[in-house]
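A.B. asks: Go ahead and model the full structure; you've got the sequences and the hints to work with.
Number of protein chains: 2
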Amino acid sequence: MDLLKGIDRVHHPEILDSGIRTSIKAKKILFHEGDVAQRCYLVIKGSLKLTKLNEQGREIIIRYIGPTELTAEVAVLEEKKYPVTAEALKKTDIISWDKQTMLRLMRKYPDIAINMLDIVFKRIDDVQFRYLELSTEPVEQRIARTLMRLMRQYGKKTKEGVCIDIPLSRQNIADYCSTSHYTVSRILSLWGKRSLIISKREQVTIAEPHAIGMIANEE
Amino acid sequence: MDLLKGIDRVHHPEILDSGIRTSIKAKKILFHEGDVAQRCYLVIKGSLKLTKLNEQGREIIIRYIGPTELTAEVAVLEEKKYPVTAEALKKTDIISWDKQTMLRLMRKYPDIAINMLDIVFKRIDDVQFRYLELSTEPVEQRIARTLMRLMRQYGKKTKEGVCIDIPLSRQNIADYCSTSHYTVSRILSLWGKRSLIISKREQVTIAEPHAIGMIANEE
DNA sequence: CGCTCTATTGATAAACCTCAAATACAGTGG
DNA sequence: CCACTGTATTTGAGGTTTATCAATAGAGCG
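Chains A and B, in that order, are what the protein sequence lines are. To convert, note that position 114 of the first sequence is 114 in the working numbering; the numbers rise steadily by one, no gaps. To convert, note that position 74 of the second sequence is 293 in the working numbering; the numbers rise steadily by one, no gaps.
Calculated from the structure, these hints are not laboratory results. Here the structure is a predicted model, which means the values were calculated and not measured. Wrong hints could be hidden among the right ones.
Unchecked claim - With beta-carbon atoms standing in for the labels, derived distance ranges:
no., chain 1, residue 1, chain 2, residue 2, range
1, B, Arg228, A, Lys99, 24 to 32 Å
2, A, Thr68, B, Arg405, 43 to 51 Å
3, B, Arg405, A, Pro67, 19 to 27 Å
4, A, Glu218, B, Asp254, 26 to 34 Å
5, A, Asp35, B, Thr241, 41 to 49 Å
6, A, Pro167, B, Ala430, 44 to 52 Å
Note that the Cβ used here is the ideal one computed from N, Cα and C, for glycine as well.
C.D. replies: As structure tokens, this is what we get:
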């Protein structure tokens, strides 16, 4: 749990217990883009999808937030709005803190502030990198990178390969790497025929991570 | 100066003087993407261009950093690398602090830490927003938004309109909104013919900000 | 005045989107 | 267990947007 890195485990319960534990049902919205940010959230179990909409209502996925990951860090500052919408993919357990509580914790355990800064820098790095990708890489490569990312975040080893353990439609993949679900479908079909992946409805298993990695051409 | 917001002006000299003032010549690199981050920088005068390169050497512009703006905030953490390359557009005066100094200042003036967090959240917001744009808006609109952004950051009123007061080639604009300099040229020519802008070599003046704003279609 | 870098413009082509239509799949209620 | 319904997926055809290539013109500099 990146948020608690460098902090004596003895204090973990105090920190976690000062937040509120809640459970969100599948497909429920935790917060909306543009709402005043009140609380920040740590995912314990399940998963959140962070999205933005453009004026015409087209959705893009900014990132997924899985177990041990923090989101809505912006809520520690005054007068901020959530920059994204967060939706639970499945039943998701979270801990949340309001501004005052989190600030108190940050003062008592300065490592929390530093860890939060670290998390925020990672987010920038990630989105800048994907911005570069979107600018310069063709769609096949972007899809491959998307699968590799999701594999690292949600991969579960199975006999057929590494299964991405979240509900993941072609449309979701398209929204994550800015293409159309038609294009995703065509490319996944192709990879399926070559046995690089095994894909079912809303589910992808990567049979040949190395081959997909080659297509992704990550450095 | 966002970094010093909320801090008594009496203390500003101490904070600024604990950094090192330097001047960089036009077109010189201040730091490279991938270098270990040692110092963070405040621009006093002049301007920096922050870029990333992909594997094939294609460049994209992440943002410009003008007077009063901070960059390389990541240098306050341990073992981080600069995520971008910073190049001076013209002779640029900066103040820089090393990790230890900045951390000492942040402890003494906690508002500095909060302001820095605020700056970092703004960066995320900006790049996420531009990621959305790149995903969903056509190139003409992206170019218009780019000009509007640069106008707000670097606009100087003149008799003909608002001049973007940095060296700005078609290629720069293209790198900033992920298109080709050919496309930028075509569109600027078009707008020039309609007298919405007046463009010279490496310089753009927006004669009709409202019209460009309409094309940008910002909410 | 030549050299280099930037800008312009037409022609062509590639990549990818959109539309249409068929099919597959999962869940529901009888 | 099965038909039914609403999504998700697939695939082909055709069209758009924008990149790329080629060639030329213009600007600034020593």
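A.B. asks: Next step is simple, just say for each hint if it's right about the structure.
C.D. replies: Do the hints match the structure? See the list:
For the hinted restraint 24 to 32 Å between arginine 228 of chain B and lysine 99 of chain A, the CB-CB distance of approximately 27 Å keeps it satisfied. A C-beta distance of roughly 49 Å is found between threonine 68 of chain A and arginine 405 of chain B, which places it inside the suggested range of 43 to 51 Å. For arginine 405 of chain B and proline 67 of chain A, the Cβ-Cβ distance of about 49 Å falls outside the hinted range of 19 to 27 Å, so the restraint is violated. For glutamate 218 of chain A and aspartate 254 of chain B, the Cβ-Cβ distance of about 20 Å falls outside the hinted range of 26 to 34 Å, so the restraint is violated.
At about 43 Å, the beta-carbon gap between aspartate 35 of chain A and threonine 241 of chain B stays in the expected band of 41 to 49 Å. Between proline 167 of chain A and alanine 430 of chain B the Cβ separation comes to about 45 Å, which falls inside the hinted range of 44 to 52 Å.
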